[in-house]
Amino acid sequence: MTSPGPFAYVGKPTPSREAPRFVRGRGTFVDDIKLPGMLHAVIGRSPHAHARILSADGSRAARHPGVEAVVTSPEHVELTSPFRPGRYASGLGTHVPEYAMAAGKVRYVGEPVCALAASDRATAEDALSEIEVLYETLEAVTSPAQAVAPGAPLLFDEVGSNEVWRNAISYGDVEAAFREAEVVVRHTLSMHRYSSTPLEPFACVASYEKGGGTGALTVWCNAQAPEVIHDALRETLGIDDVRVVITDIGGSFGQKIHLIRKYVVITALLSMRCGKPVKWAEDRTEHLMAGGHACGQEFEVEAAVKRDGTVLGLRVREVDDVGGSLSTATIHFTNKLNNLFNTYRVGAISLEGTAVVTNKCPVVPNRGIGKPAMCFVWERTMDRIAAELGMDRLEVRLKNVVPTGAFPYTTPSGNIYDSGDYEGLLHTAAERMGYDELKAEQARARTDGRYLGIGIAMGIEPGGRNLSRDLALLPDVKGIPGSGGTSGATLRIERSGSVTVTLGVPSSGQGHETTAAQVVAEVLRIPPERVRVASTFDTTASPWGGASTNSGNNFHLYEIGAVHGAATQLRDKLLALAASVLGLPADELSFESDGVVRSKADPARKTGLVELARLAYNNTVLVPDGMEPGLQTTFMYRFPHAQPFAVPDEQRRVRAQFTFPASVHMALVEVDVSTGRVDVLRYLVVGDNGTIINPGVVEGQVIGSAAHGISVALGEAFAYGSDGQLLTRTLRDYGKSTTLTTPSIEVEHRGMPSPFTPLGQKAAGEGAAIPSPAAIASAVEDALEPLGVRVRDLPLGPESVWRLINGLPERVFD
Amino acid sequence: MKHHVQIEVNGRPRDDWVEERELLVTYLRETLGLTGTHVGCVVGECGACSVHLDGALVKSCLVLAVQAGGRSVRTVEGLGRGGELDAVQASFVDAYGVQCGYCTPGMLLAAHALLDRNPDPDEADVRRALAGNVCMCTGYVQIVRAVLDAARRMRAPAGSERR
Ligand code: FES
Ligand code: FES
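Here the protein sequences come in this chain order: W and L.
Going by my numbering, the letters in the first sequence line up with residues 1 to 814, in that order.
Going by my numbering, the letters in the second sequence line up with residues 1001 to 1163, in that order.
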C-alpha cells in the first residue's frame, strides 16, 4: 500500500490538451474522413417490430446509377458468420446465431435488413427505396408482462420462451434477516428505457484490399472498445488482417461499445463487395431506434428492518426488458453485482431476476449498466423506510452506511471498498445544502401553496472491471474463462527530452490526453506540456487495452496504472543510465525537476534528460551491458491487490470491481401541481473520487453525468406504441434536457485516496449518473408528500407527475 | 439540377455549383472541407451544425446551400485570427467547456451570436442563448461559465486580457 503525494502536477488544473483542437473545429471525427474513391453507404431497416422476412431483392437498386454494392439480409447471412456470444449475455442456455443483419426475422423496428453503397449519400438514399423486402408481419410484444403471458408470440422459437434467462444469487442469511425484522417495508419500483445519446451518432469508414490470404481490412470507426470491433470483424468476415483506427469520438457513454459492431461489419462487407472504401454515418433517428437503449427494469423489493432504522436484509426481484436481441440479455442483471450493497453495511441480500425479450431496441451498456437501477432500489427503499418509521431520511442513511472506521470494508458479496467516509459525505452535503434551513423553507412554502422538495441519494461508482465477476452467477461453468483486466501504455522519451505516450484505449471526451500527461509529468518531473499523448488509437500502433471503456470505469485503474508504471520504469532506467554516465551508484543520485539527475553528495555532478536520451539512442556503446538501449517501454498494468476474491469463492464472493468512489447527491425541486412540471432549483454533488488528477476534468465528468441522470429522471425516455413502433424518434420527442432545464450543478470534492492504487486515484466518469435519478425521485416525492404521492417509477415528466398528483395510474410508458 | 452560387465563407468569396437539394451543412463539409461544422441530427434539434449566415445564428442543416447564395457564412474555422484563439475559444479551453468537442463549434457560434448583441449577459441570458445547442457530455455548467468569462474578457480594455 502506498500513501500518495505531495504532488507537483497531479491534482492541478493543468490546461486541457484536447480542447484547443476542438475549439478550432479541428477535431477528426469519423465523418470528417475522406478517402480517395470513397463511397457512401445507407442501411435499410425494418419498419416492423416483429416480422418474418419472406424475400429481399436488391437487383433494381443495384442498377441505380451510382450504386456500386448492395447487400440484403439473406445474402448477408450467407456471406458472413454469426458473432460469437459474449460477456453481455453470460450464462444464456440456448445460443441463437446473431448476425449483423436480421436473419430470417426482424425483432425490432430499425433492425438492419439491407444496405448499399453509392457515389454519394443522396444517391444512396434514393436507391435504398428500390430494394424490395417482403415481410409477413407478426404480432409484437412490447412489455415483459405481455411477452410472458400465455400464448404470446415468441421472438426466438429456438429458445421456446420470451423469458430467456433466470438467475438468483444471495449473500448472507436473508431468511434470518426477515425473521428478525421488526418491520418489513415493501414496494415495487421501475426504471425506464433511456440512452445517453452521444451527440455524434455511429460512424464508420471501411477500406478492404484484396491480397494475400483473407485480404486486408482497415476500419475507422467511433467505437469505444476496439477489441469488440476487432473480434467482430474476424468472427463474422473471417479476415485476419484487420486494422482498427479510432480518432476523436463525439461522446460514447457505453453506447458505442456493442451494437456499433453490426454497422462496422455491414460497412466492411460493402467495401469487400465493391473493392472501394465505404463510409457510413448513422442519422439521429436510426440511432434512437436501433443504436441501443438502457434496459427497462422492474423491481419488487422487500426490506427487513429494525424499528431503529437498521436494515437487516433486502430481497429484490427484477424483470429486465431486454428488447429484441439475446446478445446483451443478462448485462443489466449481472452488473448489479458491482454496487449490490450500495454504500450500506447490510448483512444479507437476495437478488433474483429474469430477462425477457420484447420487440424493442436491444439494450446496451449505458452509463452504469444496471447500477443506476440498483442504486434506485436502495435509495427509494431508504426513503420508504424513513417514511414508514417516521425517521429523517438522512438519519436512516447515517444509521446504515459503512462506518468511516470500517474501511477497507468487505461487503458480503466480496467487494472490497478501498476507502471512504460516507458519514462525512452526508454531513457535508447536508451542511452545504442547508438541509435544516431548507426544511423550514419548505414548510413555509407549503403554507403558500408551493411544493418544494428536497431529495437525497447516495451511491458508489465502482471502477476497474474484473472479468471473473459473472462466474459468481454461473457456478456450473468450469474453469476460469476470464479474470481481472489489463491495459497498456507505451512511453517514449524523445531525444529532445519530450515524451510521447500511446494508450491502449481511445478517448471520447473524458480528457485522457490531459490526465495521462499529468501523470507522466508527475513521475518524470517535467512540465505536462512536454508530454504528448496520441489522440488516435490504432491497433497497429497502440498497446493492447482490454479495459477500453469508461463505462466499466476502467480508465483510472488500468490506463492510469499503465501510464504510471511505464513512466516509473523509464525513470528508473534514467537513473541507472545516469549512474553509469556519472560513475556513481544510483542511490546516490536524485531525480529533480525538468529531468535533471544530480549527485546528492556533489551537486555539481549532474546530467539531464536530453543528454541521457541521446546516449540511449545514439551512443549505444555507452549503454551499460545488459541494459536495453533506447528510452521506450510498454507497461501492461494488472491490479496488484486483486486478492482475495479475484475469482469467486465457494460462497460466490467476488470482487466485481476494484475501486469505489462514492457520492451524495442532494436536490431541491419545485413541483407545479397544476401542470406536473418539476423545476430543479439546486443540485449538489459531494463526491469522493479519491486522488483527483485534474479537478477541471473531473468536475466536468461529475456534472455531465449528473446532468444526464437528472434528465433521465425528469422525462427523457423511449416510448413505444403497442404495435412496437418507436414514438420518440427525435431528440425533442425523446425529451433531452437543454440549458434551460439542466440545473447549475454544484460539485464539492471530498476525496479519500484509495490505498490500493499508485496515486490514490479511484474513478470518475459515469458516477454521478448512478444516484441522480434516485435523488430527483426522492425530491419529487418529498415535494408531493402533503398530497400522499409515492414515487416508484421513472421518468417523472410533467404528464407522469400530473397523473401521480391526480391519483391516476402512474405508468405512461411501457 | 445544379445551381450556381456565390457565397462568402469566412471572409473568402466562393463560386460553386450545388445541387438544389444540397444542405448548407453538406456544402460546407463536403465541398469546402470545413468539417468543424458537425451534424448531430439534420433536423434542427441539436445545434451541432450552427453557423452564422449574414451574422445571424442559423442551423446549417435547415438551410439549403442555394439559400446561402449572395450571403456570407461564418463557421468555426473563421473564428480567431492567424491561429490565435479568440476570447470565446480561449474561455472554452480554460473553463474546461469542452469534453468530446462535438457540440463545441456550434456552441462557440451560438455564444458569439449572443455576445454580438449583448456584451454583458447574465447566466440566464447565456442559458437562453444556448438553448438550441445540445451537449450530451458536459451538463453545460462549464460551458456557461466559459461564455460569461468570454464576455468579461471581451469587455476588458484592450491589453488587459489574459491572452
Ligand atoms: S445537425 Fe443541425 S441542428 Fe442538429
Ligand atoms: S462536449 Fe460532447 S457533446 Fe458537448
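Calculated directly from the structure, the hints in this document are not laboratory data.
Check before you lean on any hint, since a few could be wrong.
[Stated by the list, open to error] Facing chain W, according to a computed beta carbon distance under 10 Å, are these residues of chain L, among others:
hint : residue
1    : Gly-1011
2    : Pro-1013
3    : Arg-1014
4    : Trp-1017
5    : His-1038
6    : Val-1063
7    : Gly-1069
8    : Gly-1070
9    : Ser-1072
10   : Ala-1095
11   : Tyr-1140
Note that the Cβ used here is the ideal one computed from N, Cα and C, for glycine as well.
Interface hint compliance - Ser-1072 of chain L to chain W, C-beta minimum distance less than 10 Å: This interface hint is violated because 17 Å lies over the 10 Å limit.
Hint status (Cβ of His-1038 of chain L to nearest Cβ of chain W, threshold 10 Å): Holds - the Cβ of His-1038 of chain L comes within 10 Å of chain W, reaching about 7 Å at its closest.
Gly-1070 of chain L as chain W interface residue, shortest Cβ-Cβ below 10 Å: Violated, because the Cβ-Cβ distance from Gly-1070 of chain L to chain W comes to roughly 24 Å (cut-off 10 Å).
Interface hint for Trp-1017 of chain L, Cβ within 10 Å of any Cβ on chain W: violated (14 Å)
Status of the hint placing Arg-1014 of chain L at chain W (closest C-beta pair under 10 Å): Cβ of Arg-1014 of chain L sits 17 Å from chain W, so the hint is violated.
Hint validity - Ala-1095 of chain L Cβ closer than 10 Å to any chain W Cβ: holds (8 Å)
Gly-1069 of chain L as chain W interface residue, shortest Cβ-Cβ below 10 Å: violated (19 Å)
Cut-off 10 Å, beta-carbon criterion: hint that Pro-1013 of chain L touches chain W: Violated, about 20 Å.
Hint validity - Gly-1011 of chain L Cβ closer than 10 Å to any chain W Cβ: violated (15 Å)
Chain W contact restraint for Tyr-1140 of chain L - C-beta distance below 10 Å: Holds: closest Cβ of chain W sits about 5 Å from Tyr-1140 of chain L, inside 10 Å.
Hint check, Val-1063 of chain L versus chain W [nearest Cβ-Cβ separation less than 10 Å]: Hint violated; Val-1063 of chain L Cβ to chain W Cβ min 16 Å, cut 10 Å.
The structure does not agree with the numbered hints 1, 2, 3, 4, 6, 7, 8 and 9 stated previously, though it agrees with the rest.
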